[in-house]
Structure formats: structure tokens, C-alpha cells
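Undergrad: Given next are the chains, with one letter for each unit.
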Amino acid sequence: MEVERLPISAALKGKLVSAGYTSLSLLSSLSPSHLARDLNISENEALDILKYAPHDGRIDTSSGHHVINGAQTAWDMLHEEELLTRITTSSVDIDNILGGGISCGEVTEIGGVPGIGKTQLGIQLAVNVQLPIHCGGLGGKAIYIDTEGSFMVERVLQIAEACRDGMSANNTISQNVHAGQVGMQPKDFLENILYFRVCSYTEQIALINYLEKFISEHRDVKIVVIDSITFHFRQDFEDMALRTRLLSGMALKLMKLAKKFCLAVILLNQVTTKYAGGSFQLTLALGDSWSHACTNRIILYWNGNERYAYIDKSPSLRSASAPYAVTTRGIRNSVSNCKRIKLM
Amino acid sequence: MLREDFIFHVRDMNIRRKSFLAAKQMTPENLLRRPRPAPKCTTGCPVLDRCLGGGVPCRSVTEVAAESGCGKTQLCLQLLLSAQLPPSRGGLSASSLYLHSEFPFPLRRLRQLSRARPLGPRHDPLEYIFVHPLQSADHLLDVMPRMESFVENFKSQFPVRLIVIDSIAALFRSEFDNNPLDLKRRSSMFFKISGRLKLLAEKFDLAVVVTNQVVDVVAPNEGINGLRIGNLGCLESSGRRVCAALGLAWANCVNSRLFLSRDEEIVSTVNDMRDECGCERMHCGTRRRLHLLFAPHIPDTSCEYVITREGISGVCR
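From first to last, the protein sequence lines stand for chains A and B.
Be aware that the first sequence starts at 30, since it is given in my numbering, and climbs by one per residue.
Be aware that the second sequence starts at 248, since it is given in my numbering, and climbs by one per residue.
No wet-lab data here; the hints were simulated from the structure.
Take these hints with a grain of salt, some might be off.
Under the rule of at most 30 Å between Cα atoms (straight-line distance), these lysine-lysine pairs were calculated in the DSS-like manner [as the list claims (entries may be wrong)]:
hint	chain 1	residue 1	chain 2	residue 2
1	B	K450	A	K216
2	B	K431	A	K342
3	A	K242	B	K450
4	A	K282	B	K431
5	A	K282	B	K439
6	A	K170	A	K288
Here are some, though not all, of the chain B residues that point toward chain A, as calculated from beta-carbon distances under 8 Å [to be verified]:
hint	residue
7	P275
8	S307
9	G316
10	K439
11	A448
12	I476
13	N499
14	N502
15	F541
16	P543
17	S560
To list a few chain B residues with every Cβ distance to chain A over 10 Å, as calculated [stated by the list, open to error]:
hint	residue
18	E399
19	V462
20	G532
Note that the Cβ used here is the ideal one computed from N, Cα and C, for glycine as well.
Chain A with its partners taken away, still in its complex shape (with noise of 0.2 Å):
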């Protein structure tokens, strides 16, 4: 059915002709939002459009175009990729080898011995994703799931404090000062992350379960923090197969839950030894399956005196190691004499 016949007002057939939306097959597999963003319109002129469009897995072949619902262009798929958009960690060298900060969209695992500042670095971002584009953020709110009791009030208004200085020292620079931004004081940083205490197993998988129907009733989440994912689960479980099927249920949802809302999920993971070719090893909890759970995973390791992140997995980023700092302030580059970035 052509778009011309379409009972909507001649400006948004325009519109869709114009954008290149000749034939309503063509419309059978877009969201509301990509539509309104693509014509300019807004999100309900667009579902008024899409009403009319094929929502059957049938093939339409009338107009010459095969198209299956749901389907995707290559092209459709790098434009989205452009739209993913990243966190900074206050720390340039870790954004570097993070190809400019954590990414949206994907699940991220960080790892490493207590201490070394996985809680930290947890807490810097739940802080950062608030910041406007321009410093680094995305505007947005925080999920923060302690499961531990690592979240400490103080620590995080010492850390949104120097955001803060950060961000003011940042606006006397460039004139590109956002009316809801300027004076967002510590407590504004607090009140913005959604703070859950988990102390079971059941309360983590049960929160993680409502965590989809909680994010789309607050859009503006745009990061969630577990803080960490393994301490319920190193318990005896009696069933082992049932805690294999626990965490994998839990990685599925997540990763559905970073892709449907494009969010960044962080995971805190501890680190226990393995025995492997004579030696002990230390190597990320909850076994090999889970390895499989994350897109992308980053340790964290001392060498030396100094603390180091490492990429030790990712789809599109060459392994590489950077040394940062635990300050007052937060994470921040390390401002050792001999600092380096290896690359492996």
C-alpha cells in the first residue's frame, strides 16, 4: 500500500516521501521514537503512522521491496552504533583504551581484588552519567544495586563534590552553559542515584526481574550498577544446576535490559584463584559459564604500587592497559613519573 493513500495529513506524507518512506513495508520494523526522530515529528504523530503498518512476519513483496518484520539494514545498524553514546571515567587514560568511555547499550563487567577500587570506579560513574554531554555525561540518572554494603554516603558526596569543581571550572571556559545544570550541588548528585539494598539471592534475581518494568517508568536512567554481582551467589547451593541457570537467567535479562533502554550495565565481580597449568591464578568468580555473560570486561590489578585496568575482553577494542588513581576526588589518571599505556 503506497504512503500517499495513507488517511494522515499531506504534511507528514511529505515527510515520510521526503525521508525516503515511499512504500509502508518500509515502516514495518521501526520504533515510534526512531520515526519521530527521523522526521522531526513527535512520538505520537509517528505511532499514528505506524498504525498502518504491516506488523505480520508476512514478506511484502507489492512494492518490489522484500522486507521481513523485524529486520534490520546494515546501514540501520551503524547509524544506531553512532547513537551509542559513552560515560567517561574521570581518568583520560581509561577512556582511551575504552575507545572514550564505557558504552551504552552494552553489559561491562569490572573485576579485581578488594581494595583496588571496583566500588570506586562504580560510584564515579553512577556520579559521571549525570554530567551534561559536553563534560563527559549523558544527563542522566543512576541505578546503583549494592549488595554488599560498599556504598558509603560520604565517599559519594566527596566524589560529586569534585564533580562538581569539576564541571564549574568547565563552564567559565565555554559559554555552553545548560540552565538545569549549573548549581547541581552534591546532594543533587546523591538524589539522583536510585539506591537498592539487596542482602539474598532472592532479593537480587526478584529486583532484577522488576528492574525493566522500574526503567521505563524512569527513562532517565541511563546506567545501572551492581555493586557486586557474585557475593549472594558464592554461597553453598545445593542445587548447582539451579545456580547455572540463576545467573545466566540474570545475564540474559540484563543484557536485553542494556539494549532495549541503550544503558550502560556495570558488574562488579570479585576475583578468586584457579588452579591452571601448575599454578595458582587468579581469575574472575562464578566459574567459566559466566565469562559469556558480558560484552565487554575490564580488570583491574596492582602492579607494582600503582593500579592498572586492563581490557581483558570486548568486541571492538584492542586489549590494553592503563594505569589510574584513587584520590579524595575520585578516579583520576595516575600521576606517576613512569606512567604507560601498554598496549598487548
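Knowing the structure of chain A, use the given hints to seat chain B on it.
TA: Relative to chain A, chain B alone:
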């Protein structure tokens, strides 16, 4: 009068049978909390408190690791007393539970400390300290439900807000061998115990303090596979390289770790005094230091301290 074997005290009270763990209907919405700052319990010394960011935090498990004779138990006894102070003086106005696996209970030293740090004219601090012995890790898990019941049901002007376990290492000393299966079983128990302690701490706003021993370290702890845990690359006490007992698994179970060290050192030489064989006379003293190995809210700090009749106090140098 000290309340020993408080489990019997619990039996005297008319307590509800149902464990608080099988509580009211839990919904995920209830898990959303308004984050509030954790109250801190003073150690009884302002210098140590400054080093620890105010004191021992509530809703958190703090570990104190040291070799014997460094003052772990003394610090714990001091906390049992300072918890009873009102919040205006840094305390929690709280009673404490003290679970001990080393015997006998140091009653004499506790009495000495309480005389040196009086809390009020008609306040007998021993009335607000509940003591229970522990034989093994399994015993601790057995005692936990009754402990949880006690904390929930003990109605008083001084509710229980501090739990001390002295020491956790002694509980695991004898019954686990060094084979992978036993180590795995031991690991699982760590997480089970820590999980329950943290649940208790969160639900009742308690501070939990656990003491741990140290063991000698032989392997290097450098490089990506090294086992450095915390701000100090190398822990030393009495001239030996040590690390906290119970390994990496237990380190993952605590929120903060403090390390107490001691070293004999030459404090001064006595001028011009030589003994029979012509050697200089020296005064030796014990240098004691408290190090913060890791904590989510405090940076790398350390401070020197001394142990006197009045207790443990930090030294500003």
C-alpha cells in the same frame, strides 16, 4: 554483672518463634532505599577515630587483622564500652554482643578498662555486654538464628548495635584440610557467615567487627597474579612478612580491613653507658601502627598507637 551465655538469657524472654528472615512479603519496590550516612561508633580515642573517618561504621563489616599481642582484643573491649556512649560523644547508646572463640573471656581487662573510662554514676557497663563462646564455624552458624532473634527482640534503652566476633580465624583453624574440596567448602562458609552478618547489620543498623589472625607469607605478591590486597604492598609485623589469614575468599567478605603491626625497635641509646663487654646500652621499645588496608570511604591512612592501662590510644607524631 556480665551476661554470659546470653542464649540462656534469650530463652527466658518470651520470643516469637518465627525467624525474622522469613519476614513480611518482600517486594522489589521495598528494596529502593534513601541512602543515609552510616553512624559511626567511636574507638574511644580521637586520634584513631580521625584515622578511621569517625570510627567503626554501622551497616558494615570491619575486620581487624594482627598477630597476637598487638591489641586486637583490647580494641574490641574498648569498642564494647564506647558503644554505650551517647551519640553526642561518638557512641551508639547501644548494647553489644561479644562472641569469642579464644578462651577465657578477658573479664579482668574489661573491668580495668571500664574503670578507666567511666560511663556514668549508676551505669554498670557490664550490664550491656552480652557474651557467648564459639567452638567452631558450624557452631557460629548454629548460634546465628538465636542471635538474630535476640537482636530483634531485645527491647531496652540500649538496643544491640554492635557485634564483635573475636576471632574468626580461630573458628576455621582445625577442621579444614588443605585440599581443594575442603577449601571450597570453607570458602562457601565464609560467604554464608558474611552474608548473614551483613543482612543483620543492614536490617538493624549494626556495626560488626571481626578480628583475624595473620600468617607468614612466602610467595611474592607482585604482578598481575600476585596477591596484593589493599594499600600496603607488604605487611610486616615483628620483622616478618605476613598477610591476613583465611585468604582471598574471606577478604572478599569484609567491607573494611585494618592491620595492626608491632615492631621492636631501638628507641634511644643511653649516652656513654657501656656494660661489661663494652657494648652500648640501648632502650628497646615496641612501635605499634594501625594501617588502613582497604575501606570504601577512607583513603590510605595509618597512625601510631600505644597500649596503656587506660586502653589503646593513637599517637600524633
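Undergrad: Was the hint right that K439(B) lines chain A, CB cutoff 8 Å?
TA: holds (5 Å)
Undergrad: Checking hints one by one. Is I476(B) an interface residue toward chain A, by the C-beta closer than 8 Å rule?
TA: Where the cut-off is 8 Å and the nearest Cβ of chain A is about 5 Å from I476(B), the hint holds.
Undergrad: Are K282(A) and K431(B) close enough, with their CA atoms no more than 30 Å apart?
TA: holds (29 Å)
Undergrad: Does the no-contact call for G532(B) survive, Cβ to all of chain A over 10 Å?
TA: Given a closest Cβ separation of 29 Å, the condition holds.
Undergrad: Is the Cα-Cα distance between K282(A) and K439(B) 30 Å or less?
TA: Roughly 26 Å separates the two Cα atoms, so the pair holds.
Undergrad: How about F541(B): closest beta carbon in chain A under 8 Å, or not?
TA: Because about 3 Å separates F541(B) from the closest Cβ in chain A, which is inside the 8 Å limit, the hint holds.
Undergrad: Less than 8 Å between beta-carbons is the criterion; does N502(B) satisfy it with respect to chain A?
TA: Holds, about 6 Å.
Undergrad: Hey, does the G316(B) contact hint survive, CB to chain A under 8 Å?
TA: violated (26 Å)
Undergrad: Regarding the pair K450(B) and K216(A), is the alpha-carbon distance no greater than 30 Å?
TA: Given pair K450(B), K216(A) holds - Cα atoms ~24 Å apart, limit 30 Å.
Undergrad: Classify the hint on P543(B) as holds or violated, based on whether any CB of chain A lies nearer than 8 Å to its CB.
TA: Holds, because the Cβ-Cβ distance from P543(B) to chain A comes to roughly 4 Å (cut-off 8 Å).
Undergrad: Would you settle whether the hint for P275(B) is holds or violated, based on the nearest Cβ-Cβ distance to chain A being less than 8 Å?
TA: holds (4 Å)
Undergrad: Classify the label on V462(B) as holds or violated, using whether its beta-carbon is more than 10 Å from each beta-carbon of chain A.
TA: Check passes; 16 Å lies beyond 10 Å.
Figure legend: structure checked against the earlier numbered hints; hints not met, in rising order: 9, 17.
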